[in-house]
Each structure stands twice: as C-alpha cells, then as structure tokens.
Amino acid sequence: MNAPASGGLNSIPALLARNVAQHGNKPAYREKEFGIWQSWTWSEAAAEIDALAAGFLTLGANAGDHIAITGRNRPALYWAMVAAQKAGCVPVPLYADAAAEEIAYALDHCGARFVVAGDQEQVDKIADIRDQLHELDHVIYLDGRGLRKYDHTHMTSYADLQEAGRKADQTAEIEKRTAALGPDDKCVMLYTSGTTGRPKGVVLSNTNVIETSRNSAEFDHLKAGDEVLAYLPMAWVGDFIFSIGQAMWTGFCVNCPESAETMHTDLREIGPTYFFAPPRVFEQQLTNVMIRMEDAGRFKKWLFDKYMKVGREIGPRILDGEKVSGMEWLQYRLADWLVIGPLKNTLGLSRVRVGYTAGEAIGPEIFDFYRALGINLKQLYGQTEATVFITQQPDGEVRSDTVGVPSPGVELKIAENGEVFYRSPGVFVEYYKNPESTASTKDAEGWVATGDAGFIEEGTGHLRIIDRAKDVGKMASGALFAPKYVENKLKFYPDILEAVVFGADRDYCTAFINIDLTAVGNWAERNNIAYSSYQELSQHPRVLETIRAHVAEVNKSVAADEMLAGCQVHRFLVLHKELDADDGEMTRTRKVRRRIVEEKFDDLIAALYGGKSEIYTETEVTYEDGRKGKITATLAICDAVVDASAQVAAE
Amino acid sequence: MKDTVEPYITDDGRTIGGVLMDMRNITLRFGGVEAIKDISFDIREGEIRAIIGPNGAGKSSMLNVISGFYNPQEGEVWFRGEKRPPMKPYQVARLGIARTFQNIALFEGMTVLDNIMTGRLTHMKSGMFWQALWVGRAEAEEVENRARVERIIDFLEIQAIRKTPVGRLPYGLKKRVELARALAADPKLLLLDEPMAGMNVEEKEDMSRFILDVNDEFGTTIALIEHDMGVVMDLSDRVVVMDYGRKIGDGTPDEVRGNQEVIDAYLGVAHD
Chain A
1179 MNAPASGGLN
1189 SIPALLARNV
1199 AQHGNKPAYR
1209 EKEFGIWQSW
1219 TWSEAAAEID
1229 ALAAGFLTLG
1239 ANAGDHIAIT
1249 GRNRPALYWA
1259 MVAAQKAGCV
1269 PVPLYADAAA
1279 EEIAYALDHC
1289 GARFVVAGDQ
1299 EQVDKIADIR
1309 DQLHELDHVI
1319 YLDGRGLRKY
1329 DHTHMTSYAD
1339 LQEAGRKADQ
1349 TAEIEKRTAA
1359 LGPDDKCVML
1369 YTSGTTGRPK
1379 GVVLSNTNVI
1389 ETSRNSAEFD
1399 HLKAGDEVLA
1409 YLPMAWVGDF
1419 IFSIGQAMWT
1429 GFCVNCPESA
1439 ETMHTDLREI
1449 GPTYFFAPPR
1459 VFEQQLTNVM
1469 IRMEDAGRFK
1479 KWLFDKYMKV
1489 GREIGPRILD
1499 GEKVSGMEWL
1509 QYRLADWLVI
1519 GPLKNTLGLS
1529 RVRVGYTAGE
1539 AIGPEIFDFY
1549 RALGINLKQL
1559 YGQTEATVFI
1569 TQQPDGEVRS
1579 DTVGVPSPGV
1589 ELKIAENGEV
1599 FYRSPGVFVE
1609 YYKNPESTAS
1619 TKDAEGWVAT
1629 GDAGFIEEGT
1639 GHLRIIDRAK
1649 DVGKMASGAL
1659 FAPKYVENKL
1669 KFYPDILEAV
1679 VFGADRDYCT
1689 AFINIDLTAV
1699 GNWAERNNIA
1709 YSSYQELSQH
1719 PRVLETIRAH
1729 VAEVNKSVAA
1739 DEMLAGCQVH
1749 RFLVLHKELD
1759 ADDGEMTRTR
1769 KVRRRIVEEK
1779 FDDLIAALYG
1789 GKSEIYTETE
1799 VTYEDGRKGK
1809 ITATLAICDA
1819 VVDASAQVAA
1829 E
Chain B
95 MKDTVEPYIT
105 DDGRTIGGVL
115 MDMRNITLRF
125 GGVEAIKDIS
135 FDIREGEIRA
145 IIGPNGAGKS
155 SMLNVISGFY
165 NPQEGEVWFR
175 GEKRPPMKPY
185 QVARLGIART
195 FQNIALFEGM
205 TVLDNIMTGR
215 LTHMKSGMFW
225 QALWVGRAEA
235 EEVENRARVE
245 RIIDFLEIQA
255 IRKTPVGRLP
265 YGLKKRVELA
275 RALAADPKLL
285 LLDEPMAGMN
295 VEEKEDMSRF
305 ILDVNDEFGT
315 TIALIEHDMG
325 VVMDLSDRVV
335 VMDYGRKIGD
345 GTPDEVRGNQ
355 EVIDAYLGVA
365 HD
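Chains A and B supply the protein sequences, listed in that same order. Just so you know, the first sequence maps onto residues 1179 to 1829 in the numbering used here. Just so you know, the second sequence maps onto residues 95 to 366 in the numbering used here.
Isolated chain A (complex conformation) (with noise of 0.2 Å):
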C-alpha cells in the first residue's frame, strides 16, 4: 500500500488531539437535552475522554480488550468508543434494538470485559444474560434513572467512573497507551446484521477508518464547520465513519437528537449540511409531503403543483452545472422563494450541501422529488467490510440508476458471473475468530466479494447493481437474468407491493404481481369501483389494464438497457392474495422466498407459460392464529406490451 497521506495521525486519538489543537473553542458535539441544545467544544470533549479513558484503568482495562457500547445516539457514547481507544482498547458497538440473546452472542464472542450502556433498557438485556457471560467485569451506564436499587459491585454510573478517573492520575498511563497506536491496530469491531447466520465481527484496523474517512471527506470537500445529525444505529459502520471517523478528521461537529421520535424537529433545528438517510427515511418525508398537500386549500395545492414542475424541471440541471438561461434561472429563483425554499425548511434540509442514501434502491420519482428541491442527494454503494466505501457518485453525475464511480483509492473487479469485487485502504483486517470466512471471503490479493451482480457502464464509468449474485441467472437464449432489477422498477409503482418475477432457463420472463390494498383500495374509492375483497378487486378489469400500463412502462425502460432488455415481462398475472410470512412465501422481514414461491404456484407458472388467458386455482392459507384455510380463484393471465424494438437488437 502507498504510504499514508494522513501524516503521521494513526489513530482516532491522535486526531482528537489535533482537533483539540486546531478548533479547540469550535463545538464538536451537541445533544438536545431538556430542550435546550447542550454543547461541547473540541476540548471539553477532550477533557470528558480524557477522563473516562482514566477511569476504564482504573476499572483495571488491559490494552487490547475488548469494550462494548450500546445505546442510542449520544455524545458520551462516541466518547466511549474513543475513551476505550485512548485506553489502548478496542471498541464494540452493539446494535441498541438487538434482542438480549443477540447481545449475549456479540459480547460472548468478542469477550468483551466492559460494556457501557445507555439506559435500563439496555442494563437490564445485559442482567438477563450475565451468567452467560464470564469475561463480562462491570457495568457502566450512561443515564441512571431506574437504576439506583440495582446492585453496584459490578456496575457504575459513566459520572462516577469519569470521576474515579479524575482523582487516580493515570495521564502518563494513557500517553503511553496512546502513543502505541499504530496504522494496523485494530480500531473498531463491528458486528453485521448477520441476515445469514451468525453475526460475524468485522474488524477494522486504523489505516482502514483513517484512509477511508480521509478520502471520502475529500471526495466531498467535507471541513470543519460542516453538521451531521447522529441518528443511525452507533453499531452501524456508516455512523462509526461519519460521526467519529469523518467527524475526526474534519473537525465538524456531531449532533444528536433528543430521542428517537424528535428526530425530525431536531433535523430542522440544527439544519445539517452533511446528511445521510436510508431510502425508508426519504420515502416518509415524501409521503408526509404529498399527504398534507392533499389536504391543503385549492390555491396552495395549485401553487405547490406549478412550482415542483419548475423545480422537477430546472433544479436537477442547475445542481448538475449545466447551463441554464436567464429566463429559466429567474423561474427557479421564484419557485425557490414561494414553495421550494418553505418546504426544505419544514423538511430541515435547507442547508444540506451533500446528502447521501444507500442501502437499497431508491425509487426515479423520490430521487427526483429531492433533487429538484435543490438538495444535492447522491447515492452510494458501500459495506461494513470495506469501511463503507465502495462507490459513491461525484457531484454533477448523479442518477437513480447507479451508485456511482470507484471512491478514490478503490479499485473494481467484475467476475465471470457478474460479481462485484473490490480492494481499497478500506478493506476490513478480518472477521475476529473466524478465518474460515476471512478466507472466503477476502483472497490473497485483499480482493472482497461483495455478492452482488453489476457491471461498469460503458462511457460513464459507473456501476450498476443489478441483483444479488446468487439470484442472477441466464435465460434460455443466454441474455442475463435478473429478476430483482425488474421487481424493483416494478415496485417503484405504489400499486403494486410485490412482484416476483420469473425467467431462468426460460425464453421469455414472466411475473407474479401483488397490489398494494392501500393505494388501489384508495383508488377504487376515488372511481367508484366497488370490491368486496382483496381477490375481487386484484381481478378487476380496470386494476389490470392499470397494471398491465405499468408493466408496459417498465419493459420500455428495461429495453433501454442492452445488457438487460431480455428481462422484459410479456406475460403477468394479479395474485389473488397478499404473499405472506404466515404463508412462508416471504422472510419475516418482507423479502420473498424465491423458491417457495415458484413452488407453491408451479400451476400459475404453468399458465403463464402456457397459452391459456385465464387459470382455476386453489391456494392453501394460514391464518395468523395457526389455522389453514383454501381460497379458490380463477386469475386473468394478461399479454404485457413488449418493447420490440430493443427486442430485435438483442437477438
């Protein structure tokens, strides 16, 4: 690896302490806390790790420990983590929703000899499971109401240990202990979500937090002086990086809300000017949006509509540099002044200068929705195991459709079945006591399968996601298969909730679709159409001429993609029930089981292709006490508008 450019600052410490040096007076944490905004500048969060770090010592913390932290979004807790550095530990953030037998596994298998805890909530998760726990030594809890009858031999308030810390001089200690940190020490262990098996601890060295904050802070010309809010999981690498790794190596100050459900009063106080959200999180602001616009007189209604059109059509242009004339530069000026500017405000994205969301896709209209507020909303594309970081769009170049080029410093690999690999500064050490998966995952080279299917596109240079790797398939004809990338185009619709879509081996796709009762109920309502049940209304003839419009649109689009216009759908079927966990036909958390459902409906299939335009079906039920039932249906199997145009130059 090059020589590191972050000259000679190898550890989150050494950072503080330049931090310190540099912005000392400048605010590096806020909290909201009994209404008022609380806050701590560069040296007093200083002085509060200084003597936390002191007061783990004399708890007796030996270098290299293992320290878990679990609570919700508070500054104490990122100075824990950085406390536990100072004492030549190692972080372990816990997810603060994780069930108590999830906790008893991280802590079991990372050893962690302290854990500090943000409330009772969390204390009594880790009373349940101590005498599982050997290694488990004390206990130290942030807010301790609830707490004062509990036994304290092995537990002590964050205040009290701060304290102890204070009176014993443990400076020359901790300098020592600082002073060690090297590049390849281990920095963070984060444990993923694990929604296959066993959560795996991911351990990332300082190179790894250092190198990647560095470059991905150029890359947007973070600085201090820039606002985050810290409203994400603390065990999730995306808020390691942004509240303690960026916030490190910037200087910027780290907000935190007052609980989870101010979270959006709180974002429009303090206005932050880098923001990350998930898909889910922007999904809510919109509907809330359109919502209340519903609702709204006549003449706002107009106003809001006439405007967002102007937005829609110039804001995205004048984000991107373009040019645009003075006409067209003098209407945006208006609509900013009479709804855009309002509505940013109420939203609390006035001021954001980046905004990032990643996870999963983000439906065209929600991205364009905020990029025509003006809000430069970019997505990437990133996992624990390489310190976030793996693509990220450059300002001017962002679309729906991709995640962007190569974040510096990393580079990209595609395999033979479509699979993305990378290798950066930010490649993750190792899963801890685990090298059986290390191995498997991470080769020699420092190359990481991220398992998921992509390409670059050509000209850009961007990648695109299609699929997870072991869903993608060939079709009869050899053109690739991947059925996720049409679901989702398909899902973007707020008609339609699910969409299974099949094709491997076959020699055209075909699709399963489910309604959103919410939206087509509400939509019925509006017209007049009477139903008297979900399988009534699936049928009705207007819902499939709808549908069969939607599926129309998405062949269109999906054509205009050469690699990918094989998965167009040419025959769809409405289901007659909702696909349900009950049912086994989808995961607890709402993603579709493939094979059970191809299974389950193999006549369907059948149907669909066959040349029959309509088929009788019996369908076994569970109802949610246990109970099984049969619904019986007759389903119209539709012909979709193909794209044909692309068809031919495919073949």
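You may find that some hints are simply not true.
[To be verified] In silico DSS-like pairs for lysine-lysine, Cα to Cα no more than 25 Å straight-line: (1) A:1669 with A:1648; (2) B:257 with A:1522; (3) B:298 with A:1327; (4) B:268 with A:1210; (5) A:1487 with A:1669; (6) A:1808 with A:1778.
[Stated by the list, open to error] These stretches of chain B come out as covered by chain A in the derived footprint (C-beta under 8 Å, 3 or more residues): (7) 240–252; (8) 304–313.
Hints listed in this document are in silico derivations from the structure and should not be mistaken for laboratory results. Keep in mind it's a predicted model, so treat the numbers as computed, not measured. Note that CB positions come from ideal geometry on N, CA and C, so glycine has one too.
Position chain B relative to chain A; hints supplied.
For chain B alone, coordinates are given in the frame of chain A:
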C-alpha cells in the same frame, strides 16, 4: 398506631416514613345519602396507597375529601401532623397536594409545554403585571420553572410532543401529560384518579412504570384510585377497600386479597 409509626424499608429498597396524611372517622353526606361512612385510614410518606372498590363505593368522594374539594360532615383530616381546617382547593394545592382527574382536565388548545407550565403556577411569585412586561424576576422565574418542567418532560418521555396542542393527542398521552402537570407542582402527595381508565395494555404498562418511577425517583407519596385489580395489586404498598361507603379492608395487597369480605364484595365470591 396513629402518630407514632416506625419508618421501614420495603423489599425493593424504598423507605416508607411516618404518617403524611391521616383520615380520622370521616363521614360525608349528600343530603340523606351517606357516601362515606366513618372511615379512617392513613397515608404514609413515600408509599403508594390505593383505594379500590366497586362502582359507587365512594372512592372518588374519598379522593375529593383528601384533595379538600369536599368537606366531610364528621371526622378530621390531618396533614403532616396538623389538623387541616376546611380549605379552598387552591389552598390545598399550596399545601403540596396535586391531582389528576378521571376524565382528563387539560387545556385542550394549549401545547403540552404550556399545560405543564400551569402546574408551576403555585411556585410563581411575580404578578401578572410583571409577567406581562417580562422583566426582572418574572423572566428569571420563567427560566427556572421551565427548567423544572423540562426535567419532567424528559422523565415522562414526552419530548416529541412538547409543542403539540393537547387536543391533538391520543388518550393515553393526555393522561401522561396530566401526570406531568401534577408533578410539575412538586407535590408532597399526588392523587391519581383512575390513571389507567380506558387504556390499552401497553399504555397501562407504561403508566405503571411511570407511577413507580415517580415514586422511586422523586420520593412522591401517591394515593390512587383504580379499577384494574392487577395493576393495583402490583403497584401499591397498601390498599384500602371500600364498599357502599364503608371500609371493608385495609392492608397489603396480599392481606386484602385474602380478606373474605373483600372477596365477596369486589373480587367475586371465592369457589372452594
């Protein structure tokens, strides 16, 4: 045991002190109807005291006697070792007794914050004139009282609705706001009139936790009326059972549960 009782420590480590309020031979009549017949009981410092009984047993009347809203025809009310003369409700409030109501009595158009601030009224000394001008002591007082109120908002976890008008809140939250307002008065004795009425299981659990926490954290003495037997038995240190205006039982939840008269009157007839 009237005036000399030994403080003791409960199983969960709270200290129960001397007698805070002593009701001696209270009889309350409305015309010819005797709502309360010769009832005596005491409330000790730091305890959670429940009054239970079937509909029409006289529970609310009893609470109204404690709060000074009704003056009993016979009997004496002793508070903190002194006999309490008949008083106006605001005088009782100044003594350090605060209450919540069975059918929520909040100012619907005002925000949660403003509602809770009204609970601090007895602690504000500056007059309307100075408050309107917002100078001198008025400002300092407001800041100080707001800080107190914010502690309570934090304690009851209602930060998210701080600025929401009370009228827009669901029932369970309104109950919590009412508790907040009563707490804002820094009461020595907190009276809760059916704090869980009309709540779902989850709201009841939340409310129970808050009642216990208030008692534990602020050491507030609490007297409550409640219908939900499960809640009463779990929450309270001692229970008074009333039926047709008479006291038919008094003691710890276990003692009361085993009392045959109580079982017959309220819990249903025991089967062999």
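Open item on the list: Checking each numbered hint in turn, tell me which of them this model violates, lowest number first.
Closed with: none
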